[in-house]
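*Asks:* Each chain, letter by letter, is given below.
There are 2 protein chains.
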Amino acid sequence: MRDDAPDACAAPTLADIHDAASRLRGRAVRTPLLESDLLNDAAGRRVLVKAESLQRTGSFKFRGAWSKLTSLDAATRARGVVAISSGNHAQGVALAARLLGVRAVIVMPADAPAAKREGARALGAELALYDRAGGEDRDALAASLCAREGMALAHPFDDPAVIAGQGTVGLEIAEQAREAGVARAEVLVCCGGGGLTSGVALALEGAAPGLRVRPVEPEGFDDVARSLRAGAPQRNARSAGSVCDAILTPAPGRLTLPVMARLCGPGIAVSDDAALSAMAQAFARLRLALEPGGAVALAAALTRADLAEGGDPADPVMVVASGGNVDPSVFSAALALV
Amino acid sequence: MRDDAPDACAAPTLADIHDAASRLRGRAVRTPLLESDLLNDAAGRRVLVKAESLQRTGSFKFRGAWSKLTSLDAATRARGVVAISSGNHAQGVALAARLLGVRAVIVMPADAPAAKREGARALGAELALYDRAGGEDRDALAASLCAREGMALAHPFDDPAVIAGQGTVGLEIAEQAREAGVARAEVLVCCGGGGLTSGVALALEGAAPGLRVRPVEPEGFDDVARSLRAGAPQRNARSAGSVCDAILTPAPGRLTLPVMARLCGPGIAVSDDAALSAMAQAFARLRLALEPGGAVALAAALTRADLAEGGDPADPVMVVASGGNVDPSVFSAALALV
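Chains as they are written, first to last, in numbering that gives the first Met the number 0: chain A, 0 to 337; chain B, 0 to 337.
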């Protein structure tokens, strides 16, 4: 670990996020903030979409992976990295490792979409598959791999360097909101373990305090929303069974939940059908290919009239479209809903 | 017409393109230049994709439409605008007119995709449909509308203000190529009447002379490629019958062909299947929704090994992905090819 690396047991600071942004410069895409005149008409307000589906490897995860790997000292990094992932983190870590010339082993659920398994493999990663629905302990599997091979663990969300990398999405949102003339808005973020959500919230706290983050999850997998309501960590009853495979984490992170509790508005849960329908809208109105888990925030923007909470329902809403790695059959099924 | 407006009978200058760019600032999206590590692996070189499908209304056409309407004097503009369009220009003109609060009438082929007809209508334009396959004279129809209503004509390509607007894509490519470290490349551009192709070529001539444009057309509709080879304007034998509906123009423009003859490399023709397959690659590797006519340049980049013409086959190639307005059924059919 570098001397100036973030404390491994604390969330990153705004300075850590800026530091990650400088390591990512020239490596990550500054993804565009898009809007559609017809989508705005339909929603009755501006809906500004941060298209992280256009990031390298097709999701925001490359940011956290690169931030993590470049925060390791050279000797540690050279032994390679183990990542736990439902697919997008896998591809982010695989690409970051490839660009740095080190080995990556991915602990991945066997039911991850083919597009994601093949994406990680094509980028040179080795896969270690586990049984998600059967409750196999992915953390134990990853820990034993790390111990056996002397490799570093790149957790998908509960790691300050990873959160700092995802937080760079928030720094860009702050800039792009200013460019778009938006000073005050709810920022809806697709939420699994909370790495992206907490990172964006931390960035906006410092860089654009008029923008407030709200986590969006699939119905039945709204552990973060329930944890925020309860004031204590809650787990999901099921570990699989939504089309939103990218964001089906069992429980919020140890580092991420306190950040979300301090900075985020109430969580929102949307149905699988709403996510699929939002994919169809993103295709027709924004020409973006989104995956279901990457479309839940847009789904909330399009279906929930109650976002403003006492604010003006005509206030703009911002949405992070977090990923676009989806099998063609699922995508075509979503388009058939138009 | 403003005093400093381009000569209506001559192609625009680089200064005209810079002027259009300043009128478009804050109105058009600066679309990203994207690349995929896996797509590069498959192509054996860098393939950099200028994603104009992410432009407002889903294609580059908004640029030319806004440039044209803002080049009219206030009294002319107030009477509204007539546009001839296979669909994308229609939406660009419709939005520009809506933003400026003036009337737009679109002369559109009756066989244009539903997505495009409805897009223009939803943006407030009136439609005047004609029979493309039957050879009905769209120019005469538009001229009679203009005469009857005192409206201005916004030609889809053969107008200096329109070409200047499309040329702003080239100014951005020049900047983004520098940012990406690319000094020398072939720039493949999806080509119908040549407004985008000639505009980009004019911009690059001044702003990035190491980048050379090559027009890409559908097989059977390669009037520009044949005109460049013959040294004189050639017409297409058919007026319909390719899935690449956006770029099926009968012949090159009077203003655009001389520019292309002076500045562009040889034209390239690709099959409908290659265009559909490129759409599938753009979906899987770049998470972009492209229409067939907007994917022909990417198709050429992925299927033609002979682009370099004596240069290094490993030289980077740049591609303009010009539009993304496609009916879901066509898109799903393309995905089934993966």
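No lab work stands behind these hints: they were computed from the structure.
Glycine included, each C-beta is placed from N, C-alpha and C at the ideal position.
It is possible that some hints are incorrect.
Computed beta-carbon distance windows for the label pairs [said to hold, decoys possible]:
1. G240/A x G240/B: 43 to 49 Å
2. A304/A x A113/B: 25 to 31 Å
3. L99/B x G25/A: 37 to 43 Å
4. G219/A x G25/B: 53 to 59 Å
5. A304/A x A182/B: 28 to 34 Å
6. A182/B x R102/A: 30 to 36 Å
7. A113/B x G180/A: 30 to 36 Å
8. A41/A x R183/B: 42 to 48 Å
9. L140/A x A182/B: 43 to 49 Å
10. L140/A x G123/B: 55 to 61 Å
11. R24/B x E148/A: 31 to 37 Å
*Asks:* Which numbered conditions among the earlier hints are violated in the structure presented, ordered from lowest to highest?
*Replies:* Violated hints (numbers, rising): 4, 5 and 11; every other hint is consistent with the structure.
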